[in-house]
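K.L.:
Residue-level listing of the chains:
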Amino acid sequence: MTRLWILSFAIAAAACSAGEPRDQSAPRIRTAGQPSTATPTLDSVRARGFVRCGVSTGIAGFSTQDTQGQWQGIDVDVCRAIAAAVLGDAGKVRYTPLTAAQRFTALQSGEIDVLSRNTTVTFQRDVQLGIEFPAINWYDGTGFIVRKASKVQSVKDLNGATICMQPGTTTETDVADYFRKQHLTFMPVVIERLEEVTNAYFAGRCDAFSQDRSTLASVRARAPNPTDHMVLSDVISKAPFGPGVMSNDPRWIEIVRWSVYALIDAEELGLSSKTIDRAFESDDPDVRRFVGKTDGFGAMLGLDPQWAFRIVKQVGSYAESLERNIAPLGIDRGINRLWKDGGVLYVPALR
Amino acid sequence: MIPYAHGTAPPMRTTPRRVSWTDPRVRAIAWQLAVVAALIAVIATVALQTAINLRARGIASGFDFLTRPAGFEIARGLLPFSSRDSYTRALLVGLLNTVRVSLLGIAIATSLGLLIGVARLSGIWIVSTVARVYVEVTRNTPLLLQLLFWYTVTQALPAPSDALNPLPGVYLCFRGLFLPAPIWHDGFPWIDLEQPTLVGFGFQGGTSVSPEFAALLVGLSTYTAAFIGETVRAGILAVGRGQAEAAAALGLSRLHALRFVVLPQALRVIVPPTTSQYLNLFKNSSLAVAIGFPDLMSITNTTLNQTGQAIEAIALAMIVYLGISLSLSAGMNLYNRATLRRGGTA
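Protein sequence lines, in the order shown, are assigned to chains A and B.
Start counting the first sequence at 0; every next residue gets the next number (numbering that gives the first Met the number 0).
Start counting the second sequence at 0; every next residue gets the next number (numbering that gives the first Met the number 0).
Keep in mind that the hints were calculated from the coordinates and are not lab data.
Think of the CB as a built atom: it goes at the ideal place given N, C-alpha and C, for glycine as much as any other residue.
Any given hint could be a false lead.
Unchecked claim - To spell it out: a stretch of chain A is covered by chain B in this simulated footprint if at least three of its residues, at any positions, have a beta carbon under 8 Å from a beta carbon of chain B; those stretches are:
no.: 1; stretch: 95-103
no.: 2; stretch: 193-204
no.: 3; stretch: 244-255
no.: 4; stretch: 274-280
Full structure from sequences and hints, please.
P.N.:
Spelled out as structure tokens, the structure:
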């Protein structure tokens with residue numbers, strides 16, 4: 000809580016101090032052949048030597064620390080991809096763990112350069128907060144976990160139930176809307192931290208815990224006895240996740256967007272961290288463009304030609320990222336497959 | 000007692016003074032005015048610059064969000080609430096929850112604190128020792144930990160299906176305490192008791208106390224009672240021994256001596272520090288967010304996250320907390336003045 004207060008003041012402070020000098024820095028980075036867009040974020044990231052990335056306080060598969068304290072997950076891979084593209088080293092990231100309630104304030108106050116923390120993109124967040132969501136890196140939906148002993152088979156069986164949830168999540172409003180639409184009632188218990196809210200659910204305070212389904216899979220895995228719980232098959236809302244950046248830096252938005260696209264395009268082109276070195280000899284024009292042999296797309300982003308090559312070399316393709324982080328949790332890729340494989344991943348090509 | 004009480008005016012200065020920089024009083028006023036002006040200028044600059052930059056960054060600002068539908072549900076409180084109601088109403092529900100838990104907490108903490116303070120001075124070893132251990136344990140552990148402890152205690156109660164049923168219609172389980180509630184209707188006997196009944200997931204009907212509310216109330220009042228207990232002890236010790244001895248010599252029982260002689264005088268020492276304990280209890284109630292009780296801070300938190308308007312939401316919460324704290328403080332000061340007057344000039 001204290002952190003939130005501090006952050007709020009930090010917004011005011013940052014808003015006061017950071018406005019003008021940034022505009023004045025615009026002419027300095029203007030060089031021949033590059034568009035004249037100011038890139039204050041890129042400049043400060045380069046000067047600092049690392050990307051400041053806001054992640055979760057621990058959601059398996061997305062952003063969590065291993066036993067050595069190394070961050071991993073598909074959201075962490077987005078941070079790493081950006082660092083690889085911009086700084087040449089995927090390891091040059093400083094992670095800031097944030098609760099759902101702190102995340103936007105941290106971004107607005109300039110405490111982080113990019114927020115990569117299974118954040119659902121919504122109209123209000125996109126339009127009201129001064130935040131831009133350049134790309135989607137996971138398609139999720141709001142679901143429920145229940146105790147098998149409760150004999151609940153679908154959301155409709157949850158009429159009158161007590162449901163645990165976290166404040167400041169889209170879950171809170173999704174569940175309220177869905178229950179109202181279905182003429183059902185429920186009693187919310189709202190606790191901020193994931194550990195505490197899941198403990199309340201495990202202790203029996205709630206009949207169900209509602210969150211994004213990918214989170215529920217990892218909650219179930221952490222249960223004292225996972226087989227006692229099940230995630231309902233109902234999905235009551237769309238929840239596209241994507242990294243967020245401040246909307247006042249168009250060039251940084253493009254860098255983040257194309258870092259995510261590069262991960263997915265790499266899978267589509269059949270590239271992986273193991274095969275990418277051979278890609279320089281490829282005759283495929285798409286691949287040659289990707290690794291920077293032709294067309295000079297890197298310079299258009301204000302980066303060097305091998306930015307996308309390094310993303311794949313150091314982080315891997317999207318498929319590798321999922322294989323590493325999501326598959327071990329037993330979460331199916333579901334609709335998060337390439338469009339060619341019947342999924343919804345359809346990103347613009349590097350062309 | 001009061002100087003110049005009988006219409007005799009104080010001696011007036013007859014020679015009018017010129018306003019001069021050499022006059023220390025003039026200088027003092029000038030400096031104070033300058034400081035106030037500088038302070039106002041700084042605050043205005045910060046506010047203006049923040050507004051300008053928020054707009055430059057495309058962050059919406061202003062209080063328009065207050066009239067929009069909140070969209071989230073809140074556990075049953077004093078005011079009926081649904082997700083279609085406005086953020087204003089949501090914040091009001093939170094405020095009422097905060098006020099309710101604080102007032103009840105203050106009442107319990109005061110009674111318990113008085114008891115503890117008196118027990119600390121008891122001649123009976125076991126009584127004073129129990130009181131001392133209570134004070135030391137409660138004062139020297141973090142309140143947040145105690146709240147989580149009490150919350151865990153409520154969660155160790157049986158499930159609704161095996162709820163404790165100490166009295167007819169009263170059920171206690173980890174979902175809370177369920178009590179019969181009176182309902183009014185037209186025909187004789189106009190009032191009826193609605194019994195809670197176990198339906199589906201839990202008890203319906205009647206009235207209930209949620210485990211979050213219970214844990215917060217118990218945590219806040221037992222914690223604050225320890226501090227108030229020490230204040231009461233100090234207050235009693237501050238009254239000269241002679242007073243108690245004189246009361247005893249007049250044949251007053253110990254209880255009467257405490258009630259009519261010692262405590263009224265001790266109050267003058269007790270009331271001011273107790274005021275700050277009340278304020279602490281009120282402000283500590285914002286720790287409710289940790290155990291999921293929908294108090295003002297918790298609703299502010301949710302509002303802030305749903306709307307993203309951090310500065311407005313936090314400013315609003317600060318104004319409300321400040322307003323209530325100042326009123327509480329003013330009320331206690333009035334009471335303190337009344338106590339002083341009753342006690343005469345010390």
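K.L.:
Now tell me, hint by hint, if it's right for this structure.
P.N.:
Comparing the hints with the structure gives:
Residues of the stretch 95-103 of chain A lying with their CB closer than 8 Å to a CB of chain B number 3, which satisfies the three-residue condition for coverage. Counting residues of the stretch 193-204 of chain A whose CB falls under 8 Å from any CB of chain B gives 6; the rule of at least 3 is met. A stretch counts as covered by a chain when three or more of its residues have a beta carbon under 8 Å from one of that chain; for the stretch 244-255 of chain A and chain B the count is 3, and the coverage holds. Residue count for the stretch 274-280 of chain A with a Cβ under 8 Å from a Cβ of chain B: 0. That is fewer than the three needed, and the coverage hint is violated.
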